[in-house]
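Visitor: Take these sequences, add in the hints, and give me the full structure.
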Amino acid sequence: MKRTLSVLAAASVAVFTLVGCGGGGSGGPLGGASSAAPATPSGVIRVGSANFTESTLIAEIYAAALGAKGVKVERASLGSRETYFPALKDGSIDLIPDYTGTLLQYLDKSATQTSSEEVYAGLRKVIPAPLTVLDKAPGEDKDAVVVTKALAQRYNATSIADLAPHCGELVFGGPPEFQQRPDGIPGIQKTYNCAFKSYRSLDVGGPLTIKALTDNTVQAADVFTTDPSIEQQGLVALADPKNNFAAQNVVPVINSAKATDQVKQILNAVGAKLTTQTLIDLNGKLNAPDKPDPATVAKSWLGQNGLS
Amino acid sequence: MIWGWIPRNGALILGRLGEHVLLSLAPVLIGLVLAVPLGWLANRSRVARSILIPTAGVLYTIPSLVLFIVLPGILGTKILNPINVVVALAVYTVALLVRSVADALAAVPSMVVAAATAMGFRPTRRFVSVEFPLSVPVLIAGLRVATVSNISLVSIGAVIGLGGLGSLFTDGYQRNFLTEVITGIVLSVLLALLADAVLLTLGRLVTPWSRADASAGKSA
Amino acid sequence: MSIFGAVLAWLVDPSHWVGYAGIPTRLLEHLYYSGSALLVGIVIAVPLGALVGHTGRGGFFVVGFANGLRSLPDLGLLILLVLLVGIGLLPVVVALAVLAVPPLLAGTYAGVRNVDRSVVDAARGMGMRERDVLLRVELPNALPLLLGGLRAATLQVVATAAIAAYVSFGGFGRYIIDGLSVQDYPQMASGAILVAVLALIIEAALAGVQRAVVSPGLRAPSGRTRPPPELDTKLPHTPKADDRPAPEMAGVNPS
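Chains as they are written, first to last, in this note's numbering: chain C, 1104 to 1411; chain R, 331 to 550; chain P, 143 to 397.
Take these hints with a grain of salt, some might be off.
What follows is a set of in silico ranges between Cβ atoms, one per label pair, in the way DEER data are often shown [claimed, not checked]:
| hint | chain 1 | residue 1 | chain 2 | residue 2 | range |
| --- | --- | --- | --- | --- | --- |
| 1 | C | Q1292 | P | L170 | 19 to 29 Å |
| 2 | R | L520 | C | D1393 | 23 to 33 Å |
| 3 | C | A1224 | P | L170 | 44 to 54 Å |
| 4 | C | K1192 | P | V227 | 35 to 45 Å |
| 5 | R | G340 | P | V227 | 23 to 33 Å |
| 6 | C | A1398 | R | M331 | 19 to 29 Å |
| 7 | R | M331 | C | A1375 | 39 to 49 Å |
| 8 | C | Q1335 | R | L520 | 32 to 42 Å |
Derived by calculation from the structure, the hints in this document are not laboratory data. Don't be surprised by glycine CBs; every beta carbon is placed ideally from N, CA and C.
Guide: Now the structure itself:
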C-alpha cells in the first residue's frame, strides 16, 4: 500500500512536469475538427454541419445543390458552434449553415441587435477573414423557452416575462452550451430576471429534450421554433417580448476563397426558398418513424423546387 | 426496429466496424509486445516487480475515458487523433497484462527450467522455447479480458467524438433512433465474442500439450 | 498559461465548489449512481454465485453468462435504455448494474468453489446443515475472492458512471460533456481527473476493507489452493507468496 502511494506520488510529479512542458500546441488538445481533416484541396468544398438534425438537413441541401451543378463537395459532421467555428477559420471545413443572431453574439458578446436586418448588418461587419456570409434566408429558427400547455395555463403565462416570478421553482433543460451563451441562461436572467432552480444538460433541442418536457423531468426547455414537436406534443413556445433571442435567419458561412460567383449564385438561390414553414415541414419529414436520410429529404426538396 | 435501415447504410456500418476493429486491436498487440518484456523483468527482479506491479495497478485503476482526455494534454496531441486512443488503451492493456505475464512466468515449474538449463539451453532460447510457451495459457486468459474490455472501451470514446461503433450509439441517441443503437450493440457483442473465440482457439493451437493431456486423460 | 496551470486553476476556483453544478453535488450524484448500481449488482450476483459455487452445478453457465454480460458495450446499453425508458434513475442503475454483475459473480463463484474441500467436509462432518456450511464456512473462506470481485466491480462502475453524463445525468462526467460542448479543455480535464482521483481513493479504501475483514487465517497462502475454474491451463500449480487468481477476474486481488 505504502509502495503504491509512493509510486503514485512519483508518477504524479512526473506527469505534471510533462504536462507543464508539453501540451499547448495550436489550440491545445481541443483543436476540434482540425485534427480530423487537413485543409481542403482547392476545387472541393467541404460542407460541415452541427450536432442537430436541422443543421445536417440544411448542410445536405447546400451540398446537393452545389453537387447538382457540378461543384465537387464533401461532407463533415461536427459539434456545437464552439467546435465548428475554429474549423471554419482554419480551413478544415469551407461552408456551414448558421443562424445570424447566435453567430453574431458568438463573434461579438456585447452585440445587442435583435431585428433581422440589424443583426445581418452587424454580422457582416464582424465576420472575420477569410470567412464571409452570403444572403440571409427568410427562414428563421430561433431558440425559445418552451413549456407544457398545462404549465402555461397554471401560471397563466404566454411570455417569458409571465413565467419570471415562478422560475425559481422550475428546472430548465437544454444543450450544455446554452448555460453560457449570451442569449441563453445568462441572457434570460438579465432580460427577464428569471433564474431557474437548476439546469439539466440534454440534447440540442432534440427528442430527448421534448421527452424530458413531456414527462416533467424538466419544466421548461430550450426548443427550436421550427421543431414540429412543439405542436405535435401540445407544447407552448413562450413569447419573447423583450427580444432576448435575436433574429435567427439561416445564412451560409463560407470561406471567401471558395465563394466563386457560381457558388454564391447557387447558395443564394437555395436560400431564397428556405422559409420558416419549409424548415418546419422538412423537420417533420425527418422525424418520421422510418428515419429517412437527411440527404434524401434534401435532394427531393431541391427537385421539387427546381433547384437541382 | 427498422430493418431496411441496415442495408441502406451498409457502407457506413462497415466503415464504423472497421474503425472499431483497428482501434481495439492495435492496443492489444502493442500492449502484448510491451507487456512481455516488462512482465519478464518483473519476474526476474524483486525491485522491478515492486515498481512495475503497483504502477500497473494504478494505471489499471484510472478509467480509460480519463486517459482519452488527459493524455492529449500530456502528449500534446489532439483528442480526436486516433493515436490518442491507441496509446490510452495500450497503456491500459499493458497494465492488465504485465501482472499476467509476471505471474505466468513465475508459475513455470522450477524443475522444468532446471531441466532446460541442464540440457544446455541458453537463457534466451530457454525463455523462447520453454518458459514463454508454458506461460501462454495464462497469457491468453489475460489477452481475452484485455480484448473484450478494449472493444467496449473504444465505443465509450464516441462520447468525446471518437469513431467506431460508438458513433452508432451517439448518432442513434441524437436522432432518437433505436435501430441504429441496437445495430451497434449487436455488432459490438458479436465482435467481442468472435475475438474471444479466436483467442481461445489460438491458445489451444499454440499449446498442443494441453490437448494431448486431455486425450491422454480420457483414454486412461 | 500551460495546460496544467489552466486545469489546476479550474479545480481551485471556488465558484466550482458551490451550487447544483459544484464539485460536491456532482460527487454525491456520482456516488449515488455508483452505489445504487453496486447494490443491485450485489443482490443479484452474490446469492447466485454462492449458490452455484456451493452446489457445484451450473458453473459453466454462470461463467458463460458473466462473460456474455462483459461483452455488452456500456454506452450502447445505457443509450438503449434511455431511449426506451426515458431519463430516470432506472436506465443508469440497470446499465451500471450489468457492469457490476460479472466481476461479482465470478468472484463469488470462484471464491466459494475454491474453498478447501477438506474444510467443507469437516463442517459437514460436524453436523452443519447445508445452509450453515454455505453461510458460516464457505462464504467467510470465500471472502478474499469475493471482495476482489467487489473491488473490480466498484472500479468498473465508478469509471463508467462518468458516461451517464452523456445522457443528461450528473456526476463528474458532467464536466467532461459540458466542457466538450463549449470546447473548455480545463473543465474536461478537471472532470477526468476528479473521476480518476475518486476511483483511486475508493480502490484504496476497499483494499483496506479487504485487509481488515479477511480472516488472518486466510491471508497466509495455503499450499493447496486450486486455480480458479476459468483458468484453462494444465500448469501444475506452484504456490507462491503472492498467489493470485486468473486475469479473467482482472482486478481481483486477494492480497
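Visitor: So the hint says 39 to 49 Å: do the beta-carbon atoms of R:M331 and C:A1375 match that?
Guide: About 40 Å separates the Cβ atoms of R:M331 and C:A1375, which means 39 to 49 Å holds.
Visitor: Is 44 to 54 Å right for how far apart the beta carbons of C:A1224 and P:L170 are?
Guide: Because 49 Å falls inside the window, the suggested range holds.
Visitor: For C:K1192 and P:V227, compare the CB-CB distance with the range 35 to 45 Å and indicate the outcome.
Guide: holds, 41 Å
Visitor: Does the Cβ-Cβ separation between R:L520 and C:D1393 fall within 23 to 33 Å?
Guide: holds, 25 Å
Visitor: The hint says 19 to 29 Å between C:A1398 and R:M331; measuring C-beta to C-beta, is that right?
Guide: holds, 22 Å
Visitor: Between C:Q1335 and R:L520, does the C-beta distance stay in 32 to 42 Å?
Guide: Holds - the Cβ-Cβ distance for C:Q1335 and R:L520, about 37 Å, lies within 32 to 42 Å.
Visitor: Between R:G340 and P:V227, is the Cβ distance one that fits in 23 to 33 Å?
Guide: Taking Cβ atoms as reference, R:G340 and P:V227 lie about 30 Å apart, which means the hint holds.
Visitor: May I ask you to test the hint 19 to 29 Å on the CB atoms belonging to C:Q1292 and P:L170?
Guide: Distance hint for C:Q1292, P:L170 holds at roughly 26 Å.
Hint violations for this structure: none, all hints satisfied.
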